[in-house]
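Trainee: Chains as they are written, first to last, in my numbering: chain B, 1 to 656; chain U, 1001 to 1286.
Treat the hints with caution; some may be incorrect.
Claimed, not checked - Dumping the calculated DSS-like pairs for lysine-lysine here, alpha-carbon to alpha-carbon at most 30 Å:
1) B:K583 to B:K487
2) U:K1194 to B:K583
3) B:K614 to U:K1194
4) B:K207 to B:K416
5) B:K612 to U:K1194
6) U:K1049 to B:K583
7) B:K416 to B:K583
8) U:K1049 to U:K1194
9) U:K1027 to U:K1049
10) B:K487 to B:K612
11) B:K583 to U:K1027
Claimed, not checked - Facing chain B, a subset of chain U residues (Cβ under 7 Å, in silico):
12) I1056
13) V1071
14) F1072
15) F1105
16) C1107
17) S1109
18) L1120
19) L1131
20) L1135
21) Y1138
22) N1141
23) V1270
24) V1273
Hint data in this document are derived by calculation from the structure and do not stem from the laboratory. Predicted model, so just to flag it, every value in this text is computed and none were measured. Heads up, the beta-carbon is just placed ideally off N, CA and C, and yes, glycines get one too.
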Amino acid sequence: MDLNWMMAVAILLPLVAGILIFIFRHYQIRGLIVVITALALIINSIYFLKLGPVEYTPEGSNWGLAITVLDYLILLFYIYAGLSLRNWLVLIFALTQIVPLAYWEFGMGAHVELEPAFVVDHLAIVMTLVISIIGSLICIYAIRYMHDHEHHLHLEKSRQSRFLFWLVMFLGAMNGLVFANNLYWLYFFWEVTTLCCFQLIAHDLTKEAINNAARALWMNSLGGTAFILAMIYLYVNHGGADALSMQNIISGGLGQAAALLPVALLCFTGFTKAAQLPFQGWLLGAMVAPTPVSALLHSSTMVKAGVYLVVRLAPAFAGSYLGVMVALVGAFTFLGASGLAISQTTGKRVLAYSTIANLGLIIACAGINTPLAIAASILLIIFHAISKGLMFLCAGTIEHIIWSREIEDMEGLAEKAPVTTFITAIGILSMFLPPFGMLLAKWMALEAAYAVPLAAILFVLASAATIVFWAKWLGRLLQVLPRLGRKFESLSLSYSVPLWVLVIGIFVVGIGVAPVYEKFVHFAVNNVIAAEQVFAEGWNVLVPGVSAVTPLPAPAVGAYPVWPLFVVFGVALLLPFLFLALKPQELRPVYMCGEQVGDTDTDEWVTAADQKAKVQLGGYYFQNVLGEAALNPWVNTVAIALLLILFGVVLGVVLQ
Amino acid sequence: MNPFWIALIAVIVVPIIGGLLAGIDRKITARLQGRWGPPIVQPFFDFFKLLGKSRIATSRMQFVWIYGYLVFMIACLVFLVLKLDILLLVFLLGFAGVSFALGGFSCKSPYSHFGANRELLQMLSYEPVLLLMALGIYAQNGSFMISEIFNRSEPLLASLWPIFIALLVILTIKLRKSPFDISTSHHAHQELVKGIMTEYSGPYYALIQLTEWYEIVLLLGIIALFWANPLWVGILIALAAFILELFIDNIAARMTAGWMVRFSWAIGLVLCVLNIAYLYLMKGVS
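Build out the structure end to end from the sequences listed, making use of the hints.
Mentor: This is the structure:
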């Protein structure tokens, strides 16, 4: 296929589709447009994989002008939003973006035209696969979800078209963001994602939604400000527009020490978008939005843009103290967010904190910056996108079954909705247990982390906390009263197709981690860091040829005998689950010290003064030790201190 | 020898050793308490009797997780005897623990439920120490492979003794001995009933027993790694550690779950972190 068309499909098609959706306000037609767009994006991304690395500059001279105009329109909209919402933070950070930008362009006469404008390398291809495939599945899911959502809210005038417009457009902006080589264009796509995010969070137009959207806007605008400062610094100190080429920065064309300050500013921008501590607030607030938004923000877009930028910049801070500090900021976020997740009682908030934690892990890996660490970070991006996308879609489905987001309300879901529970259980297990990809990537991260031992210790504490909150939640889902009789729920196609595709994805990518690695991650690592030695250093952790269950014929170096662990997993859980069903007469009521009401199956017991009461059980949440009120001041203080040290270290180098 | 046969022999022999250790445990504990105690092979009698009982469960999912507990524990053991990656072994052990806790969660029973919640707290206590142990071994050997430990002439204990002490604390938690018999206990306690194991009976309870035997040997095996050359010294150290646990079990009273987390983090983690920091600094100096 022609490269012009491929780029157009990746970046512009979502916009066109969004406009069409906005025009045709009919449920079926709208759904059809979304499905076709989704398929086009998926096929297109696979073409990019087949095509391999490529550079591209669009023909015609008006693109730069269009982007400049749109940039100012977006920033003017932020000012308008700040004024109309009377949110001064939004206004201030909109002004801190537009004023320097205007001064830079009109005062200094900057004009940034670069060749190539886009560089599609392997890292970008991995990202576009994640964005196009997982993002598209979430859009398909949203068709039906928003229908149910509005049905539940009893809206008079449907706003689904508006919602899908922003949702689909998000994917185009993300594709542009990961392809862009010209920092000025990258900045433009960055702002589009911020705008989409703002619109989607505010979608329900409740007071809470609007407030949280405003918070997301000002925090990301703060990041945008750092981005602009970095661009101006590069422009002024490194001889004009040519310094704004991403490839130039990461290949060390400017000299590492000299470029360290703008790189640190760009990393800071990445931190804000990836909701690293202390900027976790906006992502948690984003939970008020309908679930597809959360799924999209957390899995394939928005926050992944943040980690992408840091991973992309990794070569620019290799071997410097900035790298160590980035590793510590990420590792501390991993620990802080995992600890806070234990105290959360709402499913979506647990997921949000878990996302923040995993993004911290990815950023920490980028900071550690050995080949193994970079490989771990890219694998984490892939695995996390699949698992977290699935988890959020599950959370949304559960919400539409029980109309609650509270973990305690999910008790006994295994009887009420066995299919959804099964999928959710797979999703939860895939987040933190062997043999699934997330854990294998985490394991690689830990092997790599010894280069920065403090980060390794933070990793270790955090991964223990991870076990607690996931197992606790899974425990609530599975806790049942036997013999109530169970009925398999029926899910609409728009729900079940994305769910099952993602479940299959988890197993395929998990079992096939070796080919996945060899096919694209390996090259992507090479894009980031010269990594011939990854296998030799990192992959010999399992002796080639020897596996837990079956001795394999000695494979080439680099084969990753992880599938035997899946055999173990299947033997341990799936086989008994599928084939060893108990007969009803083998099920008995539980032991309650003889205080049960009657000996039939009941959850009532005789309490004080011979009153009957229902048994009520709950998980431990440790609100007074790990709750947000108790922990946030500490966590935020440390996080801010780490950021200050980071910039202190960088300034120390620059001023030398 | 073919790794397959090593693994198979280990899977068959280890429960016999584990059962005998459990018998010794009961005997010594009885003597410490001024009782005569059962014969050393009593655990096997119990095991076969339990196996012969009819299947009864309180939840459909419960027994699935018990199989998971057993199978993943065996996988851990295979990792140990084939001298594979110790970090992955710790993660697999984590899965075994999670399976057990989920088994406790899967029926609506107050006793098994608080047992399961406490089991998670136990994991929170011991998991970081085990992971840091792996990291400490990496700091010494430059590899997470257990086979590398056997290639060293100097025992790990010489440089990793703080981690070894932390590991002894963890061993008490893992073996469910006082003062850490929090989620369930081997002794009768009316306030616990049987904690997380309350809802298991017959063959399912037998499976738990079997898993515990694997676990004893696995943990003692990890301790023996600290003196891997010659291995018999390591095994003697492991047995001494086991006897020590029995004494601690009989002289200590059960503490609360919160105390356990604080204690193991304060003592275990600090020891591990200092140990690793020391190794790292020495490496930097040399």
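Trainee: It remains to establish, for every hint, whether it holds in the given structure.
Mentor: Comparing the hints with the structure gives:
1. Only pairs whose Cα atoms come within 30 Å are accepted, and B:K583 paired with B:K487 is accepted, the gap being roughly 17 Å.
2. A threshold of 30 Å between alpha carbons decides the hint, and for U:K1194 with B:K583 the separation of about 25 Å falls inside it, so the pair holds.
3. As the CA atoms of B:K614 and U:K1194 are separated by approximately 22 Å, the hinted pair is consistent with the 30 Å bound.
4. For the hint pairing B:K207 with B:K416, the CA-to-CA distance comes to about 33 Å; that exceeds 30 Å, so the pair is violated.
5. For a cut-off of 30 Å, the pair hint linking B:K612 to U:K1194 stands: about 25 Å separates their Cα positions.
6. In summary, the hint linking U:K1049 to B:K583 is supported, as the alpha carbons are separated by about 22 Å, within the 30 Å threshold.
7. At most 30 Å may separate the alpha-carbon atoms for a hinted pair to count; B:K416 and B:K583 meet this at roughly 19 Å.
8. As the CA atoms of U:K1049 and U:K1194 are separated by approximately 19 Å, the hinted pair is consistent with the 30 Å bound.
9. Restraint check: the Cα-Cα separation between U:K1027 and U:K1049 comes to about 20 Å, which is no more than 30 Å; the hinted pair holds.
10. A C-alpha spacing of about 29 Å is found between B:K487 and B:K612, which places the hinted pair at or below 30 Å, so the restraint holds.
11. In summary, the hint linking B:K583 to U:K1027 is not supported, as the alpha carbons are separated by about 39 Å, beyond the 30 Å threshold.
12. With its C-beta approaching chain B no nearer than about 5 Å, U:I1056 sits inside the 7 Å limit, and its interface hint holds.
13. With its C-beta approaching chain B no nearer than about 4 Å, U:V1071 sits inside the 7 Å limit, and its interface hint holds.
14. This hint holds: U:F1072 has a C-beta 6 Å from the nearest C-beta of chain B, less than the 7 Å allowed.
15. Annotation: interface hint on U:F1105 holds; nearest CB of chain B at approximately 3 Å, less than 7 Å.
16. With a least beta-carbon distance of about 5 Å to chain B, the hint placing U:C1107 at the interface is held under the 7 Å criterion.
17. Interface restraint check: U:S1109 against chain B, minimum CB-CB distance 4 Å, threshold 7 Å, status holds.
18. Against a cut-off of 7 Å between C-beta atoms, the interface hint on U:L1120 holds, since the closest Cβ of chain B lies about 5 Å away.
19. Because the beta carbon of U:L1131 sits about 4 Å from the nearest beta carbon in chain B, less than 7 Å, this interface hint is met.
20. For U:L1135, the shortest C-beta to C-beta distance to chain B is roughly 6 Å, which falls under 7 Å, so the interface hint holds.
21. For U:Y1138, the interface hint holds, since its Cβ comes within 7 Å of a Cβ in chain B; the closest pair sits about 6 Å apart.
22. Against a cut-off of 7 Å between C-beta atoms, the interface hint on U:N1141 is violated, since the closest Cβ of chain B lies about 11 Å away.
23. Annotation: U:V1270 was flagged as interfacial toward chain B, and the flag is violated, the nearest CB pair being 11 Å apart, outside 7 Å.
24. A cut of 7 Å between beta carbons decides the hint on U:V1273: the least distance to chain B is about 6 Å, and the hint holds.
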